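Asks: Protein sequences, first through last, are from chains A and B. So for the first sequence, our numbering puts the first residue at 559; every next one is plus one. So for the second sequence, our numbering puts the first residue at 559; every next one is plus one.
Please keep in mind that the hints were generated in silico from the structure rather than gathered at the bench. From a predicted model like this one, the values you see are computed outputs, not experimental measurements. Keep in mind that a hint or two might mislead.
Listed below are several chain A residues computed to face chain B (Cβ distance under 8 Å; list not exhaustive) [as the list claims (entries may be wrong)]:
| hint | residue |
| --- | --- |
| 1 | P776 |
| 2 | A890 |
| 3 | P893 |
| 4 | P905 |
One side only, chain A facing chain B, incomplete, derived with CB under 8 Å [to be verified]:
| hint | residue |
| --- | --- |
| 5 | S610 |
| 6 | E611 |
| 7 | T706 |
| 8 | A802 |
| 9 | N821 |
| 10 | G825 |
| 11 | E843 |
| 12 | L987 |
Using 30 Å as the maximum straight-line C-alpha spacing, the simulated DSSO-like pairs for lysine-lysine come out as follows [claimed, not checked]:
| hint | chain 1 | residue 1 | chain 2 | residue 2 |
| --- | --- | --- | --- | --- |
| 13 | A | K984 | A | K1002 |
| 14 | A | K1002 | B | K883 |
| 15 | B | K984 | A | K1002 |
| 16 | B | K1002 | B | K984 |
| 17 | B | K984 | A | K984 |
All C-beta atoms in this analysis are idealised placements derived from N, C-alpha and C, irrespective of residue type, glycine included.
Here is what each chain is made of, one letter per residue.
Number of protein chains: 2
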Amino acid sequence: MPHANFTETVQAAFQERFGAGFSLAEAVREQHGRDESRETPVLPDAVLFAQSEQDVIDALQMAAEYRLPVVPWAAGSSIEGQLIPVQGGLSLDVSGLNQVLEVLPGSFQATVQAGVTYAELNRQLRREGLFFPVDPGAEASLGGMASTNASGTAAVRYGTTRDNVLALRAVLPGGEVVNLGSKARKTAAGYDLRGLFIGAEGTLGVMTELTVRLYPLPAHVAVLRASFDSIEQGAACAALLMGAALQPERLELIDAGEVAAVNNYLGRDYAVAPTLWMEFAAATEEALSGTLALARELCAESGGGNLTEAHTEAERAALWEARHKAYYAITAQHPGHAFLTTDICVPLERLPDMVAYTASLCRAASVEGSLVGHVGDGNFHMTFHADPDDAARWQTIHGIYDQMIARALEYGGTCTGEHGVGLHKKGHLARQHGDSLELMRRVKAAFDPLGIMNPGKIF
Amino acid sequence: MPHANFTETVQAAFQERFGAGFSLAEAVREQHGRDESRETPVLPDAVLFAQSEQDVIDALQMAAEYRLPVVPWAAGSSIEGQLIPVQGGLSLDVSGLNQVLEVLPGSFQATVQAGVTYAELNRQLRREGLFFPVDPGAEASLGGMASTNASGTAAVRYGTTRDNVLALRAVLPGGEVVNLGSKARKTAAGYDLRGLFIGAEGTLGVMTELTVRLYPLPAHVAVLRASFDSIEQGAACAALLMGAALQPERLELIDAGEVAAVNNYLGRDYAVAPTLWMEFAAATEEALSGTLALARELCAESGGGNLTEAHTEAERAALWEARHKAYYAITAQHPGHAFLTTDICVPLERLPDMVAYTASLCRAASVEGSLVGHVGDGNFHMTFHADPDDAARWQTIHGIYDQMIARALEYGGTCTGEHGVGLHKKGHLARQHGDSLELMRRVKAAFDPLGIMNPGKIF
């Protein structure tokens, strides 16, 4: 059932303006009716492929005129239902805005169109000896990463997407173009609408360009991997490394079950134990050597065993294998099952408690979950799985998830460290930010008085 | 002339509620009628000394009821007129909210009341081996620093105040209390109203508590100081250090005139040349030694001479002397003069151009200005001075300032890197963010529909 305002006249108007860029094809609409979440797909009435900022401007002008919902779309990798057009209308695909517009190596910044993926940007930057550090894992677009304030394994050292977008250019519903933030490294000029737009999940407008921060590729890098008797011990080791100001580039923990799954999946014989990865970098060999000496010492002190080190790029990639394959290994182990990944983040010293509490909930309900943790940030993901049709089981899983969030909020933490709210966490957001939800709604209305931008998301 | 709504009935109501905390004394009002800017003082009708969050709630409830302007006040150290109650009404002094409420060393965070100064917080943190890194120089309060998104010499390594406030508690006009952000290190839960409140210069509400990020005091620290033939050469050296990923803790440049002034002021014989300070830190002696070796090499390569090093805390403090005394030395050299400090920030590789352009403007107009630069951030301050009554001279100075800002905006930079807009830069903000000013006004109205929070500031 199409959106009430998606009349034949409206269709004709879009067709006239966009020609082949405006698609009503079922297959195209299906592709834009879902993301990587478990949410029920909803097809948009049409998909509009923007090839330029002017296309975005015209699309948002027409959408406002016809009061038609618009959901921005780029790589399709969101995982909380952000991309699902629950009220129909247009899916505005900006993946065609895929140009790196300017790289200023001496200013450590690049300006890109919103559809560029971070992997593609990094491929183009390699020859400059620079990189964009936010690494959420999926083949995400920079516009999408900004929209959900994505982060991932390198956030412990470089922060989130919000910390790494200096400026952005966006089109508001109605077609007005605004430039937010500044290309300088810091600014105190007026309200931070840049930061507000980042993490707004497409509910305020559509980003077309981003100016992002770049960093010199570190000259010397090493990775340590160690295993522990318990997951809490691994988390405690991570806390010790953070306290020693060693500034790890990455600090990742997985549980024994994930290692076992990787062993099955790839035919390896990694020690089946909670495993911690520690990546360090420095500008000189000597500086790195000093850092590693202290890291080894702290690791041994906190009970880390099976310590393995890697220095060359190839060795490092090999050493990371079990971490990188963990999610695929778990999903492969349970064919036919559906998966749900949580995204709690708590103040660092609460992490061991939080992990232990989660384990006790799982034990009590006989639910199997596997843990991957960005443990330098206090952020960890539990992946739960069950037969998609086993409603009772899913109810139990959601019950555990609810209790986890309740505890995280008691600890001053958040229901989502890096995945965003989308459809899935609207109830949880109300628990977390009930006192400012009305304020968020008023801010939304200031940007989008007609309520056409990604309606039904966040709140 | 009191604000029209500041009637005798209203006065009596405040007196009844706040007793001695509500002051009409001329001397108290005078103290709250100015800040450290050159703007003309305006006395508030009354000063209200809050001793608790409840005082702030009641004050904002009554202010809304009586439609009375409110200007939040803490340390009085703003420098763009932010604190001047241009429409009269209440100056709400929160310096009595001066408690460090909680330090969580294992989570690298502290929760403080908004009137706590960063110096006081750091005194209390020393025994924990932790520190709060934002260091704007003045004896500023954390609430005030958040309100202007202050930064200073350590921003090159640790970012601005916005980057270091995880969560805050604020009272909105009308008395409603909201908790913004999360005590976790990262969050993707809804709109970033925390970041919006930071840098809003008291126009959205009054902060009462902040949860700030802490860092381990680095175990090994060293400072290098070098002098250069030209200021551009010093800036180029700074860029080289940034490109080598040496992660300096501070990177500060001053011009030859400032050194000469310090020599006069303190009877020293520092080499009268552009001078660069480079501070580095590491977790181990070996790591620091590796960093310093490369830093020395890059410094020599870019023409740095008179290289001096300091390792102990006392030596380091002594080495920094000329930088720390620069502003006082300049002001002492021109008794009776008034001073104006600019705050431009540009993409890093534009800094040498920007500095050269500024020097050419000064030469052409025969105006003397002295430069202090946070050169790792692309942010520098020119201090101009003249007889306060020499209107023609001040017009020339403001003409130079205008041209500097025009050039900075062409370069994608900002009219204010860390001081904020206040009264002084409203015109400049309109040039910089003309396309989103209306959006800022709508956001303001979402928080403060009556327009009573620090009216007349920013836009």
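Asks: Hints first: check each against the structure and report whether it holds.
Replies: Right, here's what the structure says about each hint:
{"no.": "1", "hint": "P776", "in the structure": "holds (6 Å)"}
{"no.": "2", "hint": "A890", "in the structure": "violated (28 Å)"}
{"no.": "3", "hint": "P893", "in the structure": "violated (31 Å)"}
{"no.": "4", "hint": "P905", "in the structure": "holds (4 Å)"}
{"no.": "5", "hint": "S610", "in the structure": "violated (19 Å)"}
{"no.": "6", "hint": "E611", "in the structure": "violated (14 Å)"}
{"no.": "7", "hint": "T706", "in the structure": "holds (6 Å)"}
{"no.": "8", "hint": "A802", "in the structure": "holds (5 Å)"}
{"no.": "9", "hint": "N821", "in the structure": "violated (31 Å)"}
{"no.": "10", "hint": "G825", "in the structure": "violated (36 Å)"}
{"no.": "11", "hint": "E843", "in the structure": "holds (7 Å)"}
{"no.": "12", "hint": "L987", "in the structure": "holds (5 Å)"}
{"no.": "13", "hint": "A:K984 / A:K1002", "in the structure": "holds (15 Å)"}
{"no.": "14", "hint": "A:K1002 / B:K883", "in the structure": "violated (47 Å)"}
{"no.": "15", "hint": "B:K984 / A:K1002", "in the structure": "holds (25 Å)"}
{"no.": "16", "hint": "B:K1002 / B:K984", "in the structure": "holds (15 Å)"}
{"no.": "17", "hint": "B:K984 / A:K984", "in the structure": "violated (38 Å)"}
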